Amino acid sequence: MSSMNNVTGILLVIFSMASFTMEDMFIKTLSSDLPTGQILLILGIGSASVFALLATARGQNIFARAAWRPLPVLRAACEAVAAMAFASALALVEISTVAAVFQAMPLAITMGAALFLGEQVGWRRWSAIALGFCGVLLIIRPGLDGFDPNTLLVLISVAAVALRDLITRRIDVAVSSFVVSFQGFASLIVVAPVMLALTPGGAAALSPSHVLQISGAILFGVIGYWGIVTAMRVGEASVVAPYRYTRLLFSIITGVLVFGERPDLLTLIGASLIIGTGLYTFLRERALARPVAPLSPDFPQD
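In terms of the numbering used here, the sequence shown opens at residue 119 and continues consecutively.
Treat each hint with caution, since some may be false.
What the hints assert, rightly or not - Have a look at the derived ranges for each label pair, beta carbon to beta carbon:
| id | residue 1 | residue 2 | range |
| --- | --- | --- | --- |
| 1 | F265 | A321 | 31 to 41 angstroms |
| 2 | S245 | E354 | 21 to 31 angstroms |
| 3 | S325 | G236 | 50 to 60 angstroms |
Note that these hints are calculated values from the structure, not bench results. Quick caveat: nothing in here was measured; it's all calculated off a predicted structure. Glycine is no exception: its CB is placed at the ideal position from the N, C-alpha and C atoms.
Model the full assembly from the supplied sequences, consistent with the hints where possible.
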């Protein structure tokens, strides 16, 4: 694969991470006025419709039998759990903190592959995983004065996304990525109404501003997904995957400029540990000439 293809792939990953950050920004902004369940329901309908149209335009049957076997359905269920936890965290926790903890996801995938798929992980990568999760502890600080229980929602999302990606490795390759994505967003149409029903006050009326922000979230989410998929097709995964960490940079900038956040020193140290150990894991995978963990679109994505 040519170096120019890799450069193109890197730029697409950076572009998609910026797009996912914009999606997160719109969701967090909307959460100040709308229940999370309502936001997820609208996003599910809008995004599922987009991917259904894309699949249909390519002659792919979104209701093909292979797409609705137990594994794809279980994957969609994991997507729903991840989305509910992630969106709830965005509503309650600083966007920079959410993004920092979420960067532990590749480490969780590597750990899950070792524990459940029998993949060989040596002591170096186990050490990196342990150090990375020490970074997570520095950010969420359980038992200390700065601990916010809502940050645990991000860890639930990380676990669900890791399980989702491990399941993805076992899904029939005949099931297209557009159909799989349709299922993921369609799952929100099922679970979001339940979440909304449990919310005091129920749904809120939508203003023109809300409609624009929801449209922006759907648009940037789809663009981010397109960027990730295209990047993985034109560039080497081991080269382009580490650039997913630019999402944290974009999230910190957005948190400071849009939401007035000021990440403290422990958060920055923890984020550095997560990124450093994650990059080491990628590099170690490449040195061993094994495929790195799949780079999947994060609800409102990694």
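To see whether the hints hold, each was checked on the structure:
1. For the pair F265 and A321, the supplied restraint of 31 to 41 angstroms holds, since their beta-carbon distance comes to about 32 angstroms.
2. Range check, S245 to E354: Cβ separation about 26 angstroms, and the 21 to 31 angstroms hint holds.
3. Separated by about 52 angstroms at the C-beta atoms, S325 and G236 satisfy the suggested range of 50 to 60 angstroms.
Violated hints: none; the structure is consistent with every hint.
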